[in-house]
Amino acid sequence: MTENAIEAHGLVKRYGDKRALDGVDLDVARGAVCALLGPNGAGKTTAVRVLTTLTAPDAGTATVAGHDIARDPVSVRRSLGLAAQDATVDGLLTGHENLTMIGELHHLGRKVARARADELLEQFSLIDARDKLARDFSGGMRRRLDLAATLVARPEILFLDEPTTGLDPRARNDLWDVLDQLVAQGSTILLTTQYLEEADRLADDIVVVDHGRVIARGDSRALKRQVGGDQLHVVVADRADLDAVAEIVERIARTAPTVDAGARSVSAPAEGGVAAIAELAHALTEAEIRVEDLGLSQPTLDDAFLTLTGAPAPAPAPSDVETQTETVEQTR
Amino acid sequence: MSNTFLSDTWVIARRGLKHMRRQPEALSDATIQPVMFVLLFAFVFGGAIAVPGGGSYKEFLMGGIFAQTIVFGAFGVAMSLSADRNNGAIDRFHSLPIPRASVLAGHSVANLIRALLPIAFMSATGFVVGWRIHSGFLDILGAYGLMLGFSFAIIWIGVLLGSLVSTPEAVQGVAFIAIFPITFIASTFVPTSTLPGVLKTIAEWNPTSSLANSLRHLFGNPGGIAPPGSVWPIAHPIAYTLIWAVAIVVVCAPLAVLQYQRSIKS
Ligand SMILES: Nc1ncnc2c1ncn2[C@@H]1O[C@H](COP(=O)(O)OP(=O)(O)O)[C@@H](O)[C@H]1O
Ligand SMILES: [Mg+2]
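Sequences listed follow chains A and B, in order. For the record, in the first sequence the residue sitting at position 137 is 137 according to the working numbering, with numbers rising by one throughout. For the record, in the second sequence the residue sitting at position 69 is 401 according to the working numbering, with numbers rising by one throughout.
The shape of chain B in the complex, shown without the other chains:
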């Protein structure tokens, strides 16, 4: 039985990828939205935002948009899962002679592949608007590796969300009131040092900031590692980001699987 796990997972993942191709509007958070943010911030607000230690704002911006887009990835998983829970697809899969874990695994694989799309897309857009990488091969590899790893962790938040919240509309609501602020109260668009009081503290400890700063550091862009004496997360962004990635997987993956199983039980 379990010898069909991998092939069944792949069949269900292929279905998920077809869904994405045929619903371009559902892909907008991974395609159009980041491009809009790049253009908006690079050309409209960009001139007014100073990067600490000098340097190009466009180069500062890219790490932030990468991080934001990756965190938003949770939304896509949650949407596709809750849609399946509501339209009977999960029941159909469960009436077939496949290991039930392959349904969730298929979703995850499809969404991991989906996460690669905006990363590639953003890299190209960034290049067009003047983003340049000033680091070596290993650092670049590290940057893309970190993005992939964090995308994987984020999927489990998406599964948890998709299992907890009953309808796709509700997922949209949660995304708006939770995920959106998380990606904004961070060093996504402006350096944390420019934020006031409590927002600054939140931003400094927000893993979106540390992910953005890690990418800036690894790409050799401005705004990477904060000077010594800053709070630990922004002084050690890569370590802090990795700790978050591991913690999310360790905590959220089992919770997500449990909650998913409960959500499909009755």
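One chain only, chain A, in its complex shape:
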């Protein structure tokens, strides 16, 4: 038995001339949550399919729960639960039948499978949809049922391929809460996502992939650090003070700050860290400027992605943009 739940070395998968995976190494510790973060076509799904034995790699080796994916695929399958990218629940079966079937195919026996199905429906707030055909479920319900299906046999490791893609913000938040519970129970999770925010929110470790290669890895703080230092950030109470503040910030940061008149904010990269904050606070007090917010902030993962890939982070789908502005409005 190896220490890690998932270990992969030099995974390569070709489709014709295209290398969907081009030498991927991966270590996921037991009980850890690892996010594969990358734009569309980066190779995330291919990595998941290789690790779940759905497709064989052209080169490289991997173990999942200590079992070799090539030599002992059945033991691998017994220890994992997979939620594929497009929630593959069976639309012509009810919620309960979907879960029971999975349980029977895990050889729990009909009776245990049925009981386990009810338990999971309860846990995922799907009990009202127990006897409804899954094709009539909403997107969020389908995802929850799909997630429940991966848990039927209490697997050691969960593979979740873009678990929240296509969900509206509320359904996404619900799903995140469910994932938090799973994490609290100690499940090992490998999830993929195109959303920087999601990786940041859920994962201990983030592995950034692009064109079939790992281009960065680490926890989100380390990733951000890799991309650049902290930012000084001031929000003033009175817009009229902006010019004065910009001058002060420029003196301390020794570089031209970014001024956002709408947000009444001034920001600039800060070399000196906490010392710079202290100096800035002192200078602002002396100038008798009313400050609403003052602090050091780390760059966003979006900034990180831009630096790492040389391209902006993938824009969310248009529908997401709409729904996200909706939430903004709601929270106002």
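One thing to keep in mind: the hints can contain errors.
Keeping only pairs whose Cα atoms sit at most 27 Å apart, straight-line, the calculated DSSO-like set for lysine-lysine is [to be verified]: (1) A:LYS111 / B:LYS350; (2) B:LYS390 / B:LYS532; (3) A:LYS132 / B:LYS350; (4) A:LYS111 / A:LYS132.
Computed far set for chain A versus chain B, every beta-carbon distance over 10 Å [stated by the list, open to error]: (5) ARG19; (6) GLY31; (7) ALA32; (8) GLY41; (9) ARG114; (10) ASP219; (11) THR255; (12) GLY262; (13) ILE277; (14) GLU288; (15) LEU296; (16) LEU308.
Cβ-Cβ distance ranges computed for the label pairs, FRET-style [to be verified]: (17) B:ILE557 / A:ASP72: 57 to 63 Å; (18) B:ILE557 / A:GLY16: 52 to 58 Å; (19) A:ARG170 / B:PHE375: 57 to 63 Å; (20) A:ARG30 / B:VAL589: 21 to 27 Å; (21) A:ASP219 / B:LEU590: 44 to 50 Å; (22) B:GLN593 / A:ASP219: 40 to 46 Å.
The hints are simulated quantities; they were obtained by calculation from the structure and are not laboratory data. Keep in mind that this is a model prediction, so the values were computed, not measured. Ideal placement from N, C-alpha and C gives every residue a C-beta, glycine not left out.
Dock chain B with the ligands against chain A, hints included.
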């Protein structure tokens, strides 16, 4: 591992049967369509079609509709398989600790059971419109046995089709341009002797004809065995049908399994 093969196959077959129950529209080729053909041909065209050697056209017709419905069975298998290939169900099954062969086996079992449905349905409809059996118990047994055996062979054509063609819509297209003519250029609705030139030759060698004629013979209905001197397939319909059934299984089953495995690989 392999000791779960049978039980896993049955779990997947039960799922297939539930699918059929919940998609009555997809069952129409096995239920409504044959009934429509019976009514259409028995009451609309029937009067204009003469059966060689005399006899009731309705009794002639039933063997043809049975044969047509059985050949159409390929369509149902192909549809359900290609749907599964497209909606991720096959991936889900393959991520479970079951022998992978049980997925295909489950489909086949479900479709074999599905094939029994229209046979029973047609028998009842036929009886209502005036179809009668004029033969002994063993012949009747032989007729239903032949239908079951041919249905089994046809499943492999369906698996092959479902693995070759990428989407359910494409399966529908192929069914329309391939399976439909096969069931029509045959002795399904009219005796082959009434067909012109090359169509007659095609119909005489078409196993749909020999299956229809075998059933007519075994049920004691008109149009069974052609008189001596006719081409071999219609003079020996039962032997010719059995040869086809065996040949389809021997050729198509391995090809179908191979193609299915290739279609799910990448
Ligand atoms: N079955 C396949 N046949 C051909 N190309 C494929 C196949 N699966 C994936 N690819 C290609 O491999 C690359 C990685 O795809 P994928 O792993 O699905 O990316 P992601 O999940 O990150 O969006 C893409 O360029 C995709 O077009
Ligand atoms: Mg993907």
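Outcome of the hint check:
At roughly 19 Å between alpha-carbon atoms, LYS111 (chain A) and LYS350 (chain B) fall within 27 Å of each other, so this suggested pair holds. Between LYS390 (chain B) and LYS532 (chain B) the CA atoms are separated by roughly 22 Å; this keeps the pair inside 27 Å, and the hint holds. Of the supplied pair hints, the one linking LYS132 (chain A) and LYS350 (chain B) holds, its CA atoms being roughly 14 Å apart against a limit of 27 Å. Pair hint LYS111 (chain A) plus LYS132 (chain A) holds up; C-alpha atoms about 20 Å apart against a cutoff of 27 Å.
With a minimum CB-CB distance of about 14 Å to chain B, ARG19 (chain A) clears the 10 Å threshold, and the non-interface call stands. Residue placement check: GLY31 (chain A) keeps its beta carbon more than 10 Å from all beta carbons of chain B (closest about 22 Å). In this structure ALA32 (chain A) is separated from chain B by more than 10 Å, as the shortest Cβ-Cβ distance comes to about 21 Å. Annotated as non-interface, GLY41 (chain A) keeps its C-beta farther than 10 Å from every C-beta of chain B; the closest such distance is 15 Å.
Every C-beta of chain B lies more than 10 Å from that of ARG114 (chain A), the closest at about 13 Å, which supports listing it as non-interface. Against chain B, the non-interface label of ASP219 (chain A) holds: every CB pair exceeds 10 Å, the least being about 29 Å. No beta-carbon of chain B is positioned within 10 Å of the beta-carbon of THR255 (chain A); the least distance is around 51 Å. Distance check for GLY262 (chain A) against chain B: the nearest CB is about 45 Å away, which clears 10 Å, and the non-interface claim stands.
Consistency note on ILE277 (chain A): stated as away from chain B, and its beta-carbon is indeed over 10 Å from all of that chain's, at 51 Å minimum. With 10 Å as the threshold on Cβ separation, the claim that GLU288 (chain A) sits away from chain B holds: the shortest Cβ distance comes to roughly 64 Å. Even its closest Cβ contact with chain B, about 45 Å, leaves LEU296 (chain A) beyond 10 Å, as expected for a residue assigned away from the interface. Taking the minimum C-beta to C-beta distance to chain B, about 29 Å, the non-interface status of LEU308 (chain A) holds against the 10 Å cut.
At roughly 58 Å, the beta carbons of ILE557 (chain B) and ASP72 (chain A) sit within the given window of 57 to 63 Å. The hinted range of 52 to 58 Å is satisfied by ILE557 (chain B) and GLY16 (chain A), whose Cβ atoms lie roughly 55 Å apart. Look at ARG170 (chain A) against PHE375 (chain B): about 59 Å separates their beta carbons, and that is inside 57 to 63 Å. Distance hint for ARG30 (chain A) and VAL589 (chain B): a CB-CB separation of about 39 Å, inconsistent with the stated range 21 to 27 Å.
Between ASP219 (chain A) and LEU590 (chain B) the CB atoms are about 47 Å apart, so this pair conforms to the stated range of 44 to 50 Å. As the Cβ distance of GLN593 (chain B) to ASP219 (chain A) is approximately 42 Å, the hint placing it in 40 to 46 Å holds.
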